[in-house]
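J.: Construct all of the structure, not just a fragment, from the sequences and the given hints.
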Amino acid sequence: MTATNGPSSDATRDQATVMSSARDPIDRWLDVFVRLLRVPKADAKRIRDELEDHLRARVDDLMLIVHAEPEAVRVAAPSWERPPSSPASSRPQPGHTGDAPCSQVPPSFLSI
Amino acid sequence: MTDPTHPSSPKLTPQHAELLVLSVLAERPSYGYAIAKHIAAQSENAFKLPPSQLYPLMTKLEKQGLVTPSWEEVKAAETDADAPGRRRKWYRLSPKGRKRLAQRVEAHRRFTALIDAFIPAEGGQVGAAS
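Protein chains in written order, with numbering that gives the first Met the number 0: chain A, 0 to 111; chain B, 0 to 129.
Just to be clear, a hint being listed does not mean it is correct.
Said to hold, decoys possible - Now the in silico label distances, taken between C-beta atoms and shown as ranges:
(1) ILE118(B) - PRO39(A): 46 to 52 Å
(2) ARG97(B) - ARG27(A): 38 to 44 Å
(3) PRO39(A) - HIS15(B): 44 to 50 Å
(4) PRO39(A) - ALA120(B): 55 to 61 Å
(5) GLU43(B) - LYS40(A): 40 to 46 Å
(6) ASP30(A) - GLN63(B): 29 to 35 Å
(7) GLN102(B) - ASP30(A): 25 to 31 Å
(8) VAL104(B) - GLU70(A): 49 to 55 Å
(9) PRO49(B) - ARG37(A): 17 to 23 Å
(10) VAL65(A) - PRO49(B): 19 to 25 Å
(11) ILE64(A) - GLU26(B): 33 to 39 Å
To be verified - EDC-like mimics (lysine to aspartate or glutamate), calculated; alpha carbons at most 16 Å apart, straight line:
(12) LYS88(B) - ASP48(A)
(13) LYS74(B) - ASP48(A)
(14) LYS95(B) - GLU61(B)
Hints in this document: simulated from the structure, not taken from any laboratory.
Think of the CB as a built atom: it goes at the ideal place given N, C-alpha and C, for glycine as much as any other residue.
T.: Structure, rendered in structure tokens:
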């Protein structure tokens, strides 16, 4: 289960405990997705980390209900098995500042 | 196309999404997935904030100084204690965010009161001529 305790500035704080999930497919999907964002490396890293946490937490939740891991991964992201492959649809528009690159996430990316 | 009058498909405007997110964060600090989950659960799945809407909003709130981010490392239960975990971004409502929330709540109450004034009292006939 995913811990939901608030953050702490204490360096010795307990680390949240989460269930592991399908690391490889998630990593592969994020690799492709973040590459398509075309934002500075530091921004890409932050976006990737945040999305990765979201996806893994979602998969963990789904696995607690009924799903086996591969099924949970597929339900969490309908397009999971086929990573984004159309740069034209994900490329920032001219003048795009990279302020909100996550807006390029396909609407069906996740239900939550 | 979704029917906006259907009770199961209300669309969140950006203003309403901001109001909900700030309200969630007023209770306690939270992170993206938990915020989306909280909103879905409390609205009985009527309101859903997909990542494509949630994270641009969080970016905007952060840039406006309404929320303060911090990072935490989280680990899988059965992984090696020395192995690196994944990073989770937490958001805490800032004092400026609390002010914005108060403004949004006030605006929302004023708006709904104005709309309510047009709705017939219970038992009254909708669309009846006076």
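J.: Now look at each hint and say whether the structure bears it out.
T.: Each hint tested on the structure:
1. A hinted range of 46 to 52 Å for the beta carbons of ILE118(B) and PRO39(A) is consistent with their spacing of about 50 Å.
2. With their beta carbons about 41 Å apart, ARG97(B) and ARG27(A) fall inside the hinted range of 38 to 44 Å.
3. Checking the proposed 44 to 50 Å range against PRO39(A) and HIS15(B) shows it is violated: the Cβ atoms sit about 32 Å from each other.
4. As the Cβ distance of PRO39(A) to ALA120(B) is approximately 57 Å, the hint placing it in 55 to 61 Å holds.
5. Between GLU43(B) and LYS40(A), the C-beta spacing of about 41 Å keeps the proposed range 40 to 46 Å intact.
6. Distance hint check: the CB atoms of ASP30(A) and GLN63(B) are about 31 Å apart, consistent with the given range 29 to 35 Å.
7. About 41 Å separates the C-beta atoms of GLN102(B) and ASP30(A), a value inconsistent with the hinted range of 25 to 31 Å.
8. Separated by about 41 Å at the C-beta atoms, VAL104(B) and GLU70(A) break the suggested range of 49 to 55 Å.
9. The supplied range of 17 to 23 Å is met by PRO49(B) and ARG37(A), whose beta-carbon atoms lie about 22 Å from each other.
10. Checked against the hint of 19 to 25 Å, the C-beta distance between VAL65(A) and PRO49(B) comes to roughly 22 Å, which is consistent with it.
11. Take ILE64(A) and GLU26(B): their Cβ atoms lie about 25 Å apart, and the range 33 to 39 Å is violated.
12. A hinted pair counts as satisfied when its Cα atoms are at most 16 Å apart, and LYS88(B) with ASP48(A) qualifies at roughly 8 Å.
13. For the given pair, LYS74(B) sits about 13 Å from ASP48(A) by alpha-carbon distance, which is consistent with the 16 Å threshold.
14. Between the alpha carbons of LYS95(B) and GLU61(B) the distance comes to roughly 11 Å, so the proposed pair stays at or under 16 Å and holds.
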